[in-house]
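Asker: Model the placement of chain B on the given structure of chain A, informed by the hints.
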Amino acid sequence: MEGVVAASLDAILPKPPVSTLVDLPQPKRPDSICDASSAEFDIFRFTPVPTLILDASRRIVQVSDSFVMTSPGGRREDLVGWHADDVLDRTDRTSAFPVLASAREAIRIVEETGSLTQLDHSTDSQQVWRTRTVPIYRNDSLHCTQLEFHDVTEEHRKRLELEERLRNVETFRILVETVKDYAIFMLDPNGNIATWNAGAQAFKGYTKSEIIGQHFSRFYGEDDLATDKPGRELRTALRDGRCEDEGWRYRKDGSRFWANVVITPVFREGVLLGFSKVTRDMTDRRKAEQQLIGAYEEASKLKSEFLANMSHEIRTPMHGLLSALTLLLDTKLDFDQLDLARVIQESGEVLLQVINDILDYSKLANGSFSISHDIINIADIVHSVHRAQQKLFSPQVKFESHLDPQIPKAGEGDSLRYRQIVQNLVSNAAKFTEEGSVQINARLESEDEENSIIRTAVVDTGIGVPEASAKALFTPFTQFDNSATKRYKGTGLGLSICRSLSELMGGEIGFHPNPEGHGSVFWFTIKLKKCKQFQTIKTPRIELDGLRVPSPADVDHMEEIKRVAVNKHLLLAEDNFINRKVMLRMLAGLGFPNIDVATDGKEAVAKTIQSADDRHASVPYDLILMDVNMPVQDGVSATQELRDRGFYMPVIAMTANALKGQAEAYIAKGMSGYIAKPVDRKLLIKILLSCFKDQSND
Amino acid sequence: MSIPGAEDSIDPSTFEQILEMDEDEVEREFSKSIVYDFFTQAEGTFTKMDTNLDKKDLKTLSELGHFLKGSSATLGLTKVKDSCEKIQHYGQLKDETGTKDIKEEEALKKLETIIKQTKDEFHEVEKVLKEFYNDDE
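So the protein sequences, as listed, match chains A and B. Numbering of the first sequence is given in the working numbering, commencing with residue 1 and proceeding in unit increments. Numbering of the second sequence is given in the working numbering, commencing with residue 1 and proceeding in unit increments.
Hint data in this document are derived by calculation from the structure and do not stem from the laboratory. This structure is a prediction, so every number in the text was calculated from the model and none was measured.
Calculated cross-link-like contacts (lysine-lysine; reagent style BS3-like; alpha-carbon spacing at most 27 Å):
#1 A/K391 / B/K100
#2 A/K562 / B/K32
#3 B/K130 / A/K581
#4 A/K581 / B/K119
#5 A/K529 / A/K669
#6 A/K301 / A/K287
#7 A/K529 / A/K363
Isolated chain A (complex conformation) (with noise of 0.2 Å):
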């Protein structure tokens, strides 16, 4: 219906048409349809609802006061007494007031029907009209109509109203119940499970039935729950109106999955109704970050290779160059061509340098960078680079090592690598010094049962170093002044490697001004395994190379070793048949009873394995005799794997390779002793004996 609600009824009124005017006089009391009593004209005729009554030809018989009141301007003369159609049909009535047009067609519906209706009305500006048509019967014919006008524009709005809050609580009971790559439901204010939706039930396995009325922690590991992290979860929530958690939550099936949660309490008018808890599954973008880290580890891990097998491959030319270059030094050559091949065996060497920095570099940082664990003797490494390095030092540089008599004079630790970071802290030492000194200053720092620790020094009177580049020093590719990097040759890889080596010693490595005045003090620590197993035989009257010194104590020692060697079992390595022959004579000689022969080292190792395996015991032989060259397998070489495998009884070298230096050199190599042969029988008595003693004493 178009058109503008008239602000009046006014203007719908019939201007009345002589024809069918009917004659009802005002206040004259209704005729033979209104026959009614005053008081049930009145009910008509004072209702507040606008009504009007139609007699069965659809004439108006009556109008209510109210009606001819929403019409103001109308009379009740234009309206009783005129046919409905007459009233209703004029479309400048009904255009005027629509409501009228749903008049006609309620009457049309009663009169189909017979029975009552009610027809809602809504005009263009908002105003909903509900006409109620009532036919009234008597004797089973229609005897009249009732049609009330009812202004339900407030009710309809507030229906309106309520169906579309009912469509978005239905809308967003569908979203949240359909929804499944989360898990949403509601908890009561005591954490029981109160709702349950669909992606509650695909990630926890649990169907609604099951799971409703039960405790949320039962989603909860063991850890979890011995900490009550459930409780402290709504605890949380409570406080901070929120609460956020990562972590595993666990499936029916016993299943985990990584889990974001979040808990929101829930309230109405300030009383606690429950939680809101929204569960998602990372368990996805876990495994995609763990794959991102994995990839990236990896990735470098291949740098790392590649730089190790890249530094590799340019050292071996690297080498071939520098070798040749030392030849053709040596060929005639003039001022010029020696100046230049000087300056490129100066690189080269600086080159060479480079490249085994950047090799042990890629080689700690890839982890495979292996520490050895040798015998070694801290105060021999330090002298031998005392030596070696005194060649760079200038005669205005004082070059000096100290040490510490407390230093053990073996332990177990990595001979190499402990000599690369004194090298190169010396190195750095005489690059910066011009003059002054440069001390290496070595001492016990502490022990205990197991280790010693051993604090080295490097104290020089050079440039120092400034107090802002001090932090960085230890940083890969740094050199605190990269100005001087011409004067000053390097890669900056130098004291990296250092920290590293001494971390992977057990150690740690520093730096601090020189407390003298100018210059720079390096030290590092490293932890030096002590060696109980064998200890060091202790040889100080017996030189090496001149072996038969008879001693007056010599014949006491006799009887002492026959007491010893009752009970021992020994085990003689020895390839040559004569030496072996006597050996077994002067032992058996000595008293002992017992003792295996092996012709090579590797039948050495063989017999020791087995006589362990037949004696189930960890010393199988109480003490070996190894010749140090033997065919298949060398003595030095037996004697390591033997080690190796957690054997720990002395072994004593035998050789006749008399040398100064080769007694300590047999010892670091993890034998216990040293004879040389022709084996002279009283000091082979004396160090069976000390051997036999320092076994007994541990």
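Answerer: Structure of chain B alone, referenced to chain A:
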């Protein structure tokens, strides 16, 4: 106890140590067996040395020198031992003290000489020892 006429080729105290291992000072069963075993070993080794000298196999020659050095040292046969050590060094292309490098040609020449000398020294001490054990074969 020293062996008359062999003081410079046999170390008295070392050899004495071997003799002390004999249970019977007349029969001297143990030391005699060792000494005769050594004769056999020495002859065998010399044969191998000759073969490897022809083959110019310096490494094996050095090993053979070391091998015989061991047993001759045990018996105190000083001269033989010292010469064996030289064989060992020459085989490693070192001079007789084992300190300086020498050329292969020189080494082979020196080896030829020293092996011959070792044999002579051996036969000399062999004779003394056989006399000592009253063996007139």
